[in-house]
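Peer 1: Residue-level listing of the chains:
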Amino acid sequence: MTAIEVRGLRKAYRGREVVSGIDLDVARGEVFALLGPNGAGKTTTTEILEGHRRRDGGEVRVLGADPGTAGSDWRARIGIVLQDADDAADLTVGEMVKHVAGFYAGPRAPAEVLALVGLTDRKDSRIRTLSGGQRRRLDVALGIVGRPELLFLDEPTTGFDPEARRNFWDLIRALAGEGTTILLTTHYLEEAEALADRLAVLAGGEIVAQGTPAALGGRASAGAKVSWRVDGVLRTEQVPDPTPLIRELVEAKTDLSTLTVTRPTLEDTYLALIGAHR
Amino acid sequence: MSTLTLGVSRGHVELIQFFRDRTALVFTFAFPGMLLLLFGTIFQDSYDQPGVSASHVFTASMIAYGILATAFVTMGAGLAMDREDGTLKRLHGTPISATSYILGKLFLVLVLSVAETVVLIAIGVFVFSMSLPDASHWLTFAWVFLLSVIACSLLGMAVSAIVKHARTAGAILNVPVVALQFISGVFIYPVTQLPSWLISVASIFPVKWMAQGFRSVFLPDGMRVNEAAGQWELGRVALVLGAWCVIALVLCLVTFRWTRPDR
Ligand SMILES: Nc1ncnc2c1ncn2[C@@H]1O[C@H](COP(=O)(O)OP(=O)(O)OP(=O)(O)O)[C@@H](O)[C@H]1O
Ligand SMILES: [Mg+2]
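Listed in order, the protein sequences are those of chains U and D. Each residue of the first sequence is one higher than the one before, counting from 578 in the numbering used here. Each residue of the second sequence is one higher than the one before, counting from 128 in the numbering used here.
With the rest of the complex left out, here is chain U (with noise of 0.2 Å):
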């Protein structure tokens, strides 16, 4: 079953196209991370998906319907966090996720969604005066209240401190293992290595890459570099698979304490696919 499907999704601003065509499956279950850099589309294309803005030409189904004119039953099955919020500044952290709560019909209980996202000693605090990690907490608290089936988080862990993108990341692991299905935009790319099942990278409005953390953009098959000292001297050597050249060099007794096996990370990855666009 297909949570997200997109064909063709165009979108322009005032004759200024910023999308451009672009196709987009995510499954029932999956927690998918939209890449790019800024500018790239994500908030606009995560933002036609969840209804707020219009397109101007291709197909899109979430959850079996076209955001651009589902109703209200629709709405409740699917959980927002956007780019950047800051309504309600004058009321308190636990009447806010309180009353947005009351809008579902199975809401999670204000308190544990307060504790799942850390802010249960401020819950008393006005929304104004909230750090700004604190305030994208109760973001994230609010997008998860009416117990989504699918999740957009558009950058959601802007100004977390990394302990609490650490908590975040077990939360977005724990809503993942109960069956949500998670839309995710994100600049931390050990964030969108570390959560994301399948992610693809926007640039220029397209789609330049998709896949795998693992595999995306060839870095599966990237290979390796491999690096030692030979008496001070740094020798490296740029190898498909660096087994036999480790082999090779234990056996010549070769000094390895300063051996090192690099593959590329996947901001390497990213940033070549980025580059090779421009």
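Any given hint could be a false lead.
SDA-like cross-link-like pairs, simulated, lysine to any residue; straight-line CA separation at most 25 Å [unchecked claim]:
1. U:Lys700 / D:Gln144
2. U:Lys700 / D:Gly138
3. U:Lys700 / U:Glu689
4. D:Lys291 / U:Arg591
5. D:Lys291 / U:Gly645
6. D:Lys291 / D:Ala225
7. U:Lys700 / D:Gly213
Hints in this document: simulated from the structure, not taken from any laboratory.
Model the placement of chain D with the ligands on the given structure of chain U, informed by the hints.
Peer 2: Relative to chain U, chain D with the ligands alone:
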């Protein structure tokens, strides 16, 4: 959840937010009261009617201003603000309906208008020793009040559709408010001092009829000679305000958008 339950829930958080924003509270709320105190103190003329002073006329007319400030301005500026700070976008991403959202705003406006009116009447009674009318006049008061609040808040909503930025909303919305008060017999009384074409213009808009309706409630019957037609014209008050409710509702339905048009 039913549309009505969610509307009440919206109204609850709208009220919390309004009362926590001190600036909005002071300006929308205390401003008409302050004007009444000033006008009532400065203009001391009395009329051929025994026991009626200018301050009583201002108290009655100023209720129309109070409703304009709480219903028209609060509604219009509030909607522009909700569009700008993402409140509407947040709600549109959840199952809540536009009707519930609007009901919530109407609850807010109704509570504010009642409170504002109580303040103005209290000033009239305790500061300017105005006497309260009898029961039959309160019935008139009830329907004039309700029609006024509904027409003004729906018009505020409709006008907010042409407001591009929330920070200019107050300025834009106050133009018709101030202009109409000068030509509708709120600030300048009796309205017959104005050129008749200006009175005709004022008669198209709701403010003249709101103020006239409230004066019929709080002033002795003999004061009707000071009205443009020399009568209270309550039938016409109901007709014009009712018509504005319908027109404003249609305008709202046509212009209401969850998101900005450039999306
Ligand atoms: N409402 C709008 N009106 C006009 N242009 C817009 C609008 N929204 C986005 N754009 C333009 O469309 C392009 C894509 O924007 P979008 O927000 O989708 O990028 P993004 O990939 O989410 O970027 P970021 O990583 O910075 O969030 C940008 O060039 C942006 O300037
Ligand atoms: Mg974005």
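Peer 1: Give a verdict on every hint.
Peer 2: Consistency of the hints with the structure:
1. U:Lys700 / D:Gln144: At roughly 16 Å apart (the allowed maximum being 25 Å), D:Gln144 and U:Lys700 satisfy the hint.
2. U:Lys700 / D:Gly138: 21 Å, holds
3. U:Lys700 / U:Glu689: 12 Å, holds
4. D:Lys291 / U:Arg591: Holds, at roughly 17 Å.
5. D:Lys291 / U:Gly645: Within the cut-off at roughly 23 Å; holds.
6. D:Lys291 / D:Ala225: 20 Å, holds
7. U:Lys700 / D:Gly213: 21 Å, holds
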